[in-house]
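Chains as they are written, first to last, in the working numbering: chain A, 1 to 211; chain B, 1 to 211.
Careful, some of the hints might be misleading.
[Said to hold, decoys possible] Derived BS3-like pairs: lysine-lysine, alpha-carbon spacing no greater than 27 angstroms straight-line:
no., chain 1, residue 1, chain 2, residue 2
1, B, Lys97, A, Lys97
2, A, Lys128, B, Lys79
3, B, Lys54, A, Lys97
4, B, Lys110, A, Lys97
5, B, Lys189, A, Lys24
6, B, Lys24, B, Lys54
7, A, Lys128, B, Lys123
8, B, Lys54, A, Lys110
9, A, Lys97, A, Lys24
10, A, Lys97, B, Lys189
11, B, Lys24, A, Lys97
12, A, Lys189, B, Lys24
13, B, Lys110, A, Lys24
14, A, Lys123, B, Lys97
15, A, Lys110, A, Lys80
[What the hints assert, rightly or not] These stretches of chain A come out as covered by chain B in the derived footprint (C-beta under 8 angstroms, 3 or more residues):
no., segment
16, 77-90
17, 163-172
18, 178-189
Bear in mind the hints are in silico, worked out from the structure with no lab data behind them. None of the values given here were measured: they were computed from a predicted structure. Using N, Cα and C, we set each Cβ at its ideal position, and we do this for glycine too.
The chain contents come next:
There are 2 protein chains.
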Amino acid sequence: MPANSKKHSVPSATVPRLSQYLRKLQEMQARGTTTVSSRQLAEEVGTNPAQIRKDLSYFGEFGIRGVGYEIDHLIDELKKCLGLDRSWNAIIIGSGKLGTALARYRGFEKQGFNLLAMFDASKSVIGKNRGVGPVLPTDQLEQFIREHGIDIAIVTTPAGVAQNIIDRAVAAGVPSVLNFAPIRAHVDKPAILRQVDLSTELMILSFYLNS
Amino acid sequence: MPANSKKHSVPSATVPRLSQYLRKLQEMQARGTTTVSSRQLAEEVGTNPAQIRKDLSYFGEFGIRGVGYEIDHLIDELKKCLGLDRSWNAIIIGSGKLGTALARYRGFEKQGFNLLAMFDASKSVIGKNRGVGPVLPTDQLEQFIREHGIDIAIVTTPAGVAQNIIDRAVAAGVPSVLNFAPIRAHVDKPAILRQVDLSTELMILSFYLNS
């Protein structure tokens with residue numbers, strides 16, 4: 001059966017767990033393990049076997065009763081499910097400390113994300129190399145997105161301009177945004193937005209420390 | 001009534017919303033607004049008024065019927081709730097690109113987090129300044145934590161050593177950890193762990209792009 005067959009009905013809470021399963025299976029594969037039961041995998045990721053069987057059931061019948069899952073095969077299927085068997089074109093908007101750190105983060109490439117360019121509004125950094133070739137001016141954003149078929153815009157601008165830059169990227173055709181700016185950003189469907197919000201994480205820690 | 005009176009019963013999903021309300025209220029305060037209704041605040045943050053009234057009810061009765069909330073007062077109360085009226089001692093473990101970016105992230109100080117030191121296992125970076133004074137060797141970690149009463153350990157080490165370093169920090173008395181290493185880390189209660197997981201965020205985007 002095709003890995004994508006039931007994809008549209010996958011609950012949103014399942015998706016991050018699939019990425020955990022994949023990571024753990026890859027560790028087991030590297031150790032030379034070839035099969036795993038849902039019970040073993042559950043122990044490794046800190047969940048219960050029923051959860052794992054349920055999560056994997058959205059994608060078809062991978063397991064063999066009494067044997068478990070064949071690790072190589074399950075990894076391939078999860079990669080297909082997660083779109084990790086192909087590559088995505090990405091840009092970073094905002095070339096500050098965080099943008100630069102991300103530009104040099106090896107994880108992008110490993111997961112099939114090709115960083116094609118970095119943009120900034122500040123004349124003082126345009127043309128400098130912050131990890132992905134010369135920084136381009138943001139007034140070239142729309143043209144670049146259209147010409148290169150950008151799949152993901154990673155936003156690390158200051159808070160005050162982030163929503164505007166997200167709107168521009170989406171209007172130019174970017175289907176997904178990973179926002180690091182400390183705002184509650186929004187995109188119109190069908191575009192996808194994920195937030196990585198350090199400021200909120202810090203407040204959450206602070207809240208519980210204060211309890 | 002004390003702001004903390006009902007704190008222990010606050011649902012975990014409420015806490016991140018409180019930080020959003022605070023951020024939005026601070027923006028409104030900066031624009032010179034003095035009062036806000038739950039309806040207006042709900043529109044600003046993209047939720048519904050009932051949610052806001054419910055979330056704020058855990059901390060007492062802030063609103064005045066027909067008038068709404070006094071912004072200055074509500075900001076003060078939220079800051080108390082979120083532990084933002086005091087300061088916390090933090091360290092960064094791992095002085096790579098991400099650790100260095102975080103060391104220079106202004107948001108920490110603004111939220112009352114004092115970065116006291118940065119640690120690394122690699123001799124080649126020890127003693128160098130990556131944003132918070134000379135990088136210290138990780139074999140001084142436990143002693144430093146005990147001597148300085150560290151509240152938060154921010155972990156940006158490679159995946160392979162992250163759980164071990166988290167265990168060491170918690171054993172030495174750190175009550176909370178903000179982990180950026182791409183592992184499913186765990187801490188024993190009562191320690192608190194928050195994860196910022198770029199790799200999972202990328203897989204989630206990739207999953208939906210692939211749909």
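For each hint, the structure was consulted:
1. B:Lys97 x A:Lys97: Given pair B:Lys97, A:Lys97 holds - Cα atoms ~9 angstroms apart, limit 27 angstroms.
2. A:Lys128 x B:Lys79: 40 angstroms, violated
3. B:Lys54 x A:Lys97: 38 angstroms, violated
4. B:Lys110 x A:Lys97: Distance of about 17 angstroms is within 27 angstroms: holds.
5. B:Lys189 x A:Lys24: 23 angstroms, holds
6. B:Lys24 x B:Lys54: 17 angstroms, holds
7. A:Lys128 x B:Lys123: 30 angstroms, violated
8. B:Lys54 x A:Lys110: 43 angstroms, violated
9. A:Lys97 x A:Lys24: Given pair A:Lys97, A:Lys24 is violated - Cα atoms ~31 angstroms apart, limit 27 angstroms.
10. A:Lys97 x B:Lys189: 34 angstroms, violated
11. B:Lys24 x A:Lys97: With a Cα-Cα distance of about 25 angstroms, the restraint between B:Lys24 and A:Lys97 holds, given a limit of 27 angstroms.
12. A:Lys189 x B:Lys24: Distance ~23 angstroms between A:Lys189 and B:Lys24 Cα, so the pair holds.
13. B:Lys110 x A:Lys24: Cα-Cα ~37 angstroms, so violated.
14. A:Lys123 x B:Lys97: Holds: A:Lys123 and B:Lys97 sit about 24 angstroms apart, inside 27 angstroms.
15. A:Lys110 x A:Lys80: 15 angstroms, holds
16. 77-90: With 6 residues close enough to chain B, the hint holds.
17. 163-172: Result for this restraint: violated, n = 0.
18. 178-189: holds (count 5)
Checked against the numbered hints above, the structure violates hints 2, 3, 7, 8, 9, 10, 13 and 17; every other hint is satisfied.
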